[in-house]
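Work the whole structure out from these sequences, hints included.
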Amino acid sequence: YSEMLLGYHISQTENFDAQYRAFRMAIETAGHKPFEIVTDNQGGQKKAIAKQFFSSICRVARPTAPYNAQGKSIESVFGRFQQQVLHKDWRFTGGNISSKEAWKINREFIEANKEQLYTYEELMVAYDTARQEWNASAHHSTGIAREKMYWDSVNPEAVAVSEYDMVDLFWIRTDRPS
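Residue numbers (our numbering): 1 to 178.
Note that these hints are calculated values from the structure, not bench results.
No experiment lies behind these values; they were computed from the predicted model shown.
Where hints are given, some of them may not hold.
[As the list claims (entries may be wrong)] Using 35 Å as the maximum straight-line C-alpha spacing, the simulated DSBU-like pairs for lysine-lysine come out as follows:
| hint | residue 1 | residue 2 |
| --- | --- | --- |
| 1 | Lys72 | Lys51 |
| 2 | Lys47 | Lys33 |
| 3 | Lys88 | Lys72 |
| 4 | Lys72 | Lys46 |
| 5 | Lys114 | Lys88 |
| 6 | Lys51 | Lys33 |
| 7 | Lys148 | Lys51 |
| 8 | Lys72 | Lys33 |
| 9 | Lys88 | Lys148 |
| 10 | Lys114 | Lys46 |
| 11 | Lys46 | Lys33 |
| 12 | Lys72 | Lys47 |
| 13 | Lys33 | Lys88 |
| 14 | Lys148 | Lys33 |
Have a look at this one:
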C-alpha cells in the first residue's frame with residue numbers, strides 16, 4: 001500500500017538470523033503483526049525453526065518459487081528504491097548474489113577511489129539514510145510521502161503487538177536446552 005520500508009538487517013550472509021532481525025525490527029516499528037509473509041525458500045527459510053517463526057508472526061506465511069520476482073510484490077518496491085535512491089550513490093552497483101557476473105563495475109575507477117569506499121559502519125549509516133529518504137519521499141501513485149501514508153492508514157483487523165507478544169514472538173525456543 002504505502003511502500004514504507006519497516007525493517008532490515010545487514011549481514012554477510014542471507015540466513016535465518018538476518019531475517020529474524022529484519023522482521024523483528026519491522027514489527028517493532030509497525031507495532032502490528034503482518035497479515036502475510038511471502039518467502040522464496042532461500043537463506044534458511046526451509047528450516048523448521050524458520051517455518052515456525054514465520055507462521056507465528058503472521059496470519060499467512062507462504063513460499064513462492066525462487067527467482068520469481070512476480071511472486072513477491074516487494075520486488076518492484078526494491079527495484080524503485082534502487083533506481084530512485086540507491087543509484088544516486090556511485091558505490092552502489094545494483095548487483096545481487098545471482099548476477100555477480102553481470103555487474104558492470106569499473107574496476108579501475110574503484111581502485112583509484114578505494115579510499116572513498118564505505119567502511120562497514122559507514123555503509124550501515126548510508127543505508128539507514130537511504131531508507132529514511134525513501135520513506136520520506138512521495139509515493140509514485142499518490143504523491144504522498146510513504147511514511148505519512150503508512151502512519152495515517154488504519155486497518156481495524158491488524159493485530160497490535162504488546163510487549164508480552166514480542167516476548168512470545170521473538171524468544172526463540174530450541175529442542176535442546178541452551
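Quick rundown of the hints versus the structure:
Note on Lys72 and Lys51: the hinted pairing holds, with a Cα-Cα distance of about 18 Å set against a maximum of 35 Å. The suggested pairing of Lys47 with Lys33 holds, with an alpha-carbon distance near 21 Å, which does not exceed 35 Å. Between Lys88 and Lys72 the alpha-carbon distance is near 25 Å, which keeps this suggested pair within the 35 Å criterion. Taking the CA atoms of Lys72 and Lys46, the gap is near 17 Å; set against the 35 Å cutoff, the hint holds.
Distance check on the hinted pair: Lys114 and Lys88 sit about 18 Å apart at the alpha-carbon level, within 35 Å; holds. Of the pairs offered as hints, the one joining Lys51 and Lys33 holds, with about 16 Å between alpha carbons and a cut-off of 35 Å not exceeded. Taking the CA atoms of Lys148 and Lys51, the gap is near 32 Å; set against the 35 Å cutoff, the hint holds. Taking the CA atoms of Lys72 and Lys33, the gap is about 18 Å. The hint holds against a cut of 35 Å.
Of the supplied pair hints, the one linking Lys88 and Lys148 holds, its CA atoms being roughly 23 Å apart against a limit of 35 Å. A hinted pair counts as satisfied when its Cα atoms are at most 35 Å apart, and Lys114 with Lys46 does not qualify at roughly 38 Å. Of the pairs offered as hints, the one joining Lys46 and Lys33 holds, with about 21 Å between alpha carbons and a cut-off of 35 Å not exceeded. Our distance criterion of 35 Å between C-alpha atoms is met by Lys72 and Lys47, whose separation comes to about 20 Å.
Under the criterion of a C-alpha separation no larger than 35 Å, the hint pairing Lys33 with Lys88 is consistent with the structure, at around 33 Å. Distance restraint check for Lys148 and Lys33: the Cα-Cα separation of roughly 19 Å lies within the 35 Å cut-off, and the hinted pair is therefore satisfied.
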